[in-house]
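In the order they appear, the protein sequences are chains X and L.
With my numbering applied, the first sequence covers 3 to 335.
With my numbering applied, the second sequence covers 3 to 335.
None of these hints come from the bench; they were simulated from the model.
Mixed in with the good hints there might be a few duds.
Straight-line Cα separation of at most 20 Å, EDC-like style, residue types lysine to aspartate or glutamate; simulated pairs [as the list claims (entries may be wrong)]:
#1 X/Lys4 to L/Glu239
#2 X/Lys285 to L/Glu19
#3 X/Lys289 to X/Glu243
#4 L/Lys289 to L/Asp317
#5 X/Lys289 to X/Asp256
#6 L/Lys4 to X/Glu213
#7 L/Lys285 to L/Asp255
#8 L/Lys4 to X/Asp235
#9 X/Lys252 to X/Glu281
#10 X/Lys289 to L/Asp27
#11 X/Lys4 to L/Glu208
#12 X/Lys4 to L/Glu213
#13 L/Lys313 to L/Asp256
#14 X/Lys252 to X/Asp317
#15 L/Lys313 to L/Asp248
#16 L/Lys285 to L/Asp256
#17 L/Lys289 to X/Asp27
#18 L/Lys289 to L/Glu239
#19 X/Lys289 to L/Glu19
#20 X/Lys285 to X/Glu239
#21 L/Lys289 to X/Glu19
#22 L/Lys4 to X/Asp248
#23 X/Lys4 to L/Asp211
#24 L/Lys4 to L/Glu208
#25 L/Lys4 to X/Asp211
#26 L/Lys289 to L/Asp255
#27 L/Lys4 to X/Glu208
#28 X/Lys289 to X/Asp255
#29 L/Lys289 to L/Asp256
#30 L/Lys4 to X/Asp256
#31 X/Lys4 to L/Asp235
#32 L/Lys230 to L/Asp256
#33 L/Lys285 to X/Glu19
Remember, it's a predicted structure, so these values are computed and weren't measured experimentally.
There are 2 protein chains.
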Amino acid sequence: MKKLINHPDDVVRESLEGFAAAHADLVRVTMSPATIVRVDAPVTGKVGILSGGGSGHEPLHGGFVGLGMLDAACPGAIFTSPTPDQMLEATRAVNGGAGVLYIIKNYTGDLMNFEMASDLARDEGIAVESVIIDDDVAVNDSLYTAGRRGVGLTVLAEKITGAAAEQRRSLPQVAALCRQVNAQGRSMGMALTSCTVPHVGHPMFELPDDEMEIGIGIHGEPGRRRVKLQPADAVAEMLMEPVMSDLGLKPGDDVLLFVNGMGGTPLTELYIVYRKAAEIAAKNGLKVTRSLVGPYITSLEMAGCSITLLKLTDDLTALWDAPVRTVGMRWGI
Amino acid sequence: MKKLINHPDDVVRESLEGFAAAHADLVRVTMSPATIVRVDAPVTGKVGILSGGGSGHEPLHGGFVGLGMLDAACPGAIFTSPTPDQMLEATRAVNGGAGVLYIIKNYTGDLMNFEMASDLARDEGIAVESVIIDDDVAVNDSLYTAGRRGVGLTVLAEKITGAAAEQRRSLPQVAALCRQVNAQGRSMGMALTSCTVPHVGHPMFELPDDEMEIGIGIHGEPGRRRVKLQPADAVAEMLMEPVMSDLGLKPGDDVLLFVNGMGGTPLTELYIVYRKAAEIAAKNGLKVTRSLVGPYITSLEMAGCSITLLKLTDDLTALWDAPVRTVGMRWGI
Chain X
3 MKKLINHPDD
13 VVRESLEGFA
23 AAHADLVRVT
33 MSPATIVRVD
43 APVTGKVGIL
53 SGGGSGHEPL
63 HGGFVGLGML
73 DAACPGAIFT
83 SPTPDQMLEA
93 TRAVNGGAGV
103 LYIIKNYTGD
113 LMNFEMASDL
123 ARDEGIAVES
133 VIIDDDVAVN
143 DSLYTAGRRG
153 VGLTVLAEKI
163 TGAAAEQRRS
173 LPQVAALCRQ
183 VNAQGRSMGM
193 ALTSCTVPHV
203 GHPMFELPDD
213 EMEIGIGIHG
223 EPGRRRVKLQ
233 PADAVAEMLM
243 EPVMSDLGLK
253 PGDDVLLFVN
263 GMGGTPLTEL
273 YIVYRKAAEI
283 AAKNGLKVTR
293 SLVGPYITSL
303 EMAGCSITLL
313 KLTDDLTALW
323 DAPVRTVGMR
333 WGI
Chain L
3 MKKLINHPDD
13 VVRESLEGFA
23 AAHADLVRVT
33 MSPATIVRVD
43 APVTGKVGIL
53 SGGGSGHEPL
63 HGGFVGLGML
73 DAACPGAIFT
83 SPTPDQMLEA
93 TRAVNGGAGV
103 LYIIKNYTGD
113 LMNFEMASDL
123 ARDEGIAVES
133 VIIDDDVAVN
143 DSLYTAGRRG
153 VGLTVLAEKI
163 TGAAAEQRRS
173 LPQVAALCRQ
183 VNAQGRSMGM
193 ALTSCTVPHV
203 GHPMFELPDD
213 EMEIGIGIHG
223 EPGRRRVKLQ
233 PADAVAEMLM
243 EPVMSDLGLK
253 PGDDVLLFVN
263 GMGGTPLTEL
273 YIVYRKAAEI
283 AAKNGLKVTR
293 SLVGPYITSL
303 EMAGCSITLL
313 KLTDDLTALW
323 DAPVRTVGMR
333 WGI
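Extracted from the complex, chain X is given alone in its bound form (with noise of 0.2 Å):
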């Protein structure tokens, strides 16, 4: 395992410290239990927006606290639900009187702990809606859920709902908006190589030099199948057609098109992936009308992309154009 690390342990802890330390402009850090929170929070009179999720899956979510997108994030170990304690200590930082939205990707021990974390916050008198996010086609019932997993939509749900939460929309506006978000878009992966977590130490799958794994979780799940290396714009077709079937887009749909690098992955691939992809949604009538290319969220070193797409309202549109300040995500302001 060749990891810039020290003890595997220590991963989490000092990576936590050297972000607090980088970014002391943007985020207060606490360390037990671990929570990642906008410097300024709580906003008084804004829904405070939570996630949070395993790590490894850098900048998401972390990188996305800030004005205009999360009030905060709640890392757990590497691949691992964070627990109860953390989202609660993160929900009262975050509570500014108007509620708080838990956006939580579909793994099944994320939404048990995040379910005991608003029965907890409510009974403090915290209002707290969830919406979960389960938009990676590839697989129905996975290694760690019922139902779709939670990908790539993540990042856009954050940033969105983010910015209602900025305009100051109520917590049952937001939540609804973030459903919307996530009824509206879809995703899908595939992996060229595997990951290694620091403490297993050894890869999380075996893939053949000459095989891909199309359809990848972000934790190195099995997607749904195994074929030969195929050249890029195969493989944008490859993520293109389920994505866009399963959405039942019609030409002329306003769409964001993002392409997401799995860790590993070069930008120069992403954007030629980005190149295929933009292709094919205009061949399908498709305008896209705002798009994102880069490493958003990721599986360690793994190498692969993912592709999501996002049918844009003008609202939504709106949204995504207003100001941001994160680490990971930042514009107009």
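Got chain X; can you put chain L on it based on the hints?
Okay, now just chain L, sitting in the frame of chain X:
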């Protein structure tokens, strides 16, 4: 070779086409010769800032084209200098009447071609100045250079001179500023793994499973020494010590600390390195007043990192903080 590409010959062109499609709001891309130009270039009365080099280091340089940073970038083939005709075309495109600054990483091919381009541009009556970045303390004279290599400091030089050009500083002033940045900054890198140039098809060098290369170049050029794998804290010390001693920093100095990812190393690990580097800086009495962490100048999918320190002045700090709107770096706007 596992890469998301089509034919190796098409990598740079197809990637550029994808980049152009995704970022038409920020850049204009020409294909023959290949240039990436700020969408509103030329800006009348502003010094044009131009850089370029081999592809494979993304987001450098094309990702840094836009308001407050580069006016244009010339992408060569992978790890290969761009040609004088690319540079001349880009020079014409960004000449707003106040002249053009070339920021050149110190590699023999880049120097030669930028020199030819500046001769051609001057023949057309365009004022051109060149500044060479040679910040890598790892080696003197390397595989591709006479003298030190130009590496991570290039990112900081492009940001700072770009901001100065926005303020309408003159060509001699912006060139002097760029030389100041080069004098006040140093870098050193390391690799855990090699990288593979698509048309070569095999790794640039072999690195055994239990070894790492200290002082690596951004093209996989040999560094100072091969050593057994060591913890991230020891790596941070091996990079910080030569950088600090070469710079001759004094206790109380303000510095920008930049921990750069080589491409294949997750953010989690970069923050572990940042944590220790910041601690070492503090122990030496340095004040880390600005920071940057992430993959900004990469070597394809190489795993590893580099550390850059830049001694700050009030002027440099203000220019660093100034608004920037590019694909790879964006704030304040």
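To see whether the hints hold, each was checked on the structure:
Of the pairs offered as hints, the one joining X/Lys4 and L/Glu239 holds, with about 18 Å between alpha carbons and a cut-off of 20 Å not exceeded. Of the supplied pair hints, the one linking X/Lys285 and L/Glu19 holds, its CA atoms being roughly 17 Å apart against a limit of 20 Å. Restraint check for X/Lys289 and X/Glu243: satisfied, since their Cα atoms lie roughly 16 Å apart, inside the 20 Å limit. Straight-line distance between C-alpha atoms of L/Lys289 and L/Asp317 comes to about 16 Å, which keeps the hinted pair within the 20 Å bound.
For the hint linking X/Lys289 to X/Asp256, the alpha-carbon distance of about 5 Å falls within 20 Å, and the restraint holds. Simply put, L/Lys4 and X/Glu213 have alpha-carbon atoms about 9 Å apart, close enough for the 20 Å limit, and the pair holds. With a C-alpha separation of about 12 Å, the suggested pair L/Lys285 and L/Asp255 falls inside the 20 Å cut-off, and the hint holds. Distance restraint check for L/Lys4 and X/Asp235: the Cα-Cα separation of roughly 14 Å lies within the 20 Å cut-off, and the hinted pair is therefore satisfied.
The suggested pairing of X/Lys252 with X/Glu281 holds, with an alpha-carbon distance near 16 Å, which does not exceed 20 Å. Proposed proximity of X/Lys289 and L/Asp27 is supported: the alpha carbons are some 15 Å apart, at most 20 Å. Proximity of X/Lys4 to L/Glu208 is assessed by CA-CA distance (about 14 Å); at most 20 Å being required, the pair is judged to hold. Under the criterion of a C-alpha separation no larger than 20 Å, the hint pairing X/Lys4 with L/Glu213 is consistent with the structure, at around 9 Å.
A distance of roughly 6 Å separates the Cα atoms of L/Lys313 and L/Asp256; the hinted pair therefore holds under the 20 Å criterion. For the suggested pair X/Lys252 and X/Asp317, the alpha carbons sit about 19 Å apart, so the restraint of at most 20 Å is met. Taking the CA atoms of L/Lys313 and L/Asp248, the gap is near 12 Å; set against the 20 Å cutoff, the hint holds. Distance check on the hinted pair: L/Lys285 and L/Asp256 sit about 13 Å apart at the alpha-carbon level, within 20 Å; holds.
Straight-line distance between C-alpha atoms of L/Lys289 and X/Asp27 comes to about 15 Å, which keeps the hinted pair within the 20 Å bound. Only pairs whose Cα atoms come within 20 Å are accepted, and L/Lys289 paired with L/Glu239 is accepted, the gap being roughly 17 Å. Pair hint X/Lys289 plus L/Glu19 holds up; C-alpha atoms about 17 Å apart against a cutoff of 20 Å. For the hint linking X/Lys285 to X/Glu239, the alpha-carbon distance of about 12 Å falls within 20 Å, and the restraint holds.
Annotation: proposed proximity of L/Lys289 to X/Glu19 holds, straight-line Cα distance about 17 Å (limit 20 Å). For the hint pairing L/Lys4 with X/Asp248, the CA-to-CA distance comes to about 29 Å; that exceeds 20 Å, so the pair is violated. Between X/Lys4 and L/Asp211, the direct Cα distance comes to roughly 7 Å. Compliance with the 20 Å bound is thereby established for this hinted pair. Taken as a hint, the L/Lys4 and L/Glu208 pair is honoured in the structure, with Cα atoms around 17 Å apart against an allowance of 20 Å.
Between L/Lys4 and X/Asp211, the direct Cα distance comes to roughly 7 Å. Compliance with the 20 Å bound is thereby established for this hinted pair. Only pairs whose Cα atoms come within 20 Å are accepted, and L/Lys289 paired with L/Asp255 is accepted, the gap being roughly 6 Å. With a C-alpha separation of about 14 Å, the suggested pair L/Lys4 and X/Glu208 falls inside the 20 Å cut-off, and the hint holds. Proximity of X/Lys289 to X/Asp255 is assessed by CA-CA distance (about 6 Å); at most 20 Å being required, the pair is judged to hold.
Straight-line distance between C-alpha atoms of L/Lys289 and L/Asp256 comes to about 5 Å, which keeps the hinted pair within the 20 Å bound. Distance restraint check for L/Lys4 and X/Asp256: the Cα-Cα separation of roughly 33 Å exceeds the 20 Å cut-off, and the hinted pair is therefore not satisfied. The straight-line distance between the Cα atoms of X/Lys4 and L/Asp235 is roughly 14 Å, inside the 20 Å bound, and the hint therefore holds. As the CA atoms of L/Lys230 and L/Asp256 are separated by approximately 33 Å, the hinted pair breaks the 20 Å bound.
For the given pair, L/Lys285 sits about 17 Å from X/Glu19 by alpha-carbon distance, which is consistent with the 20 Å threshold.
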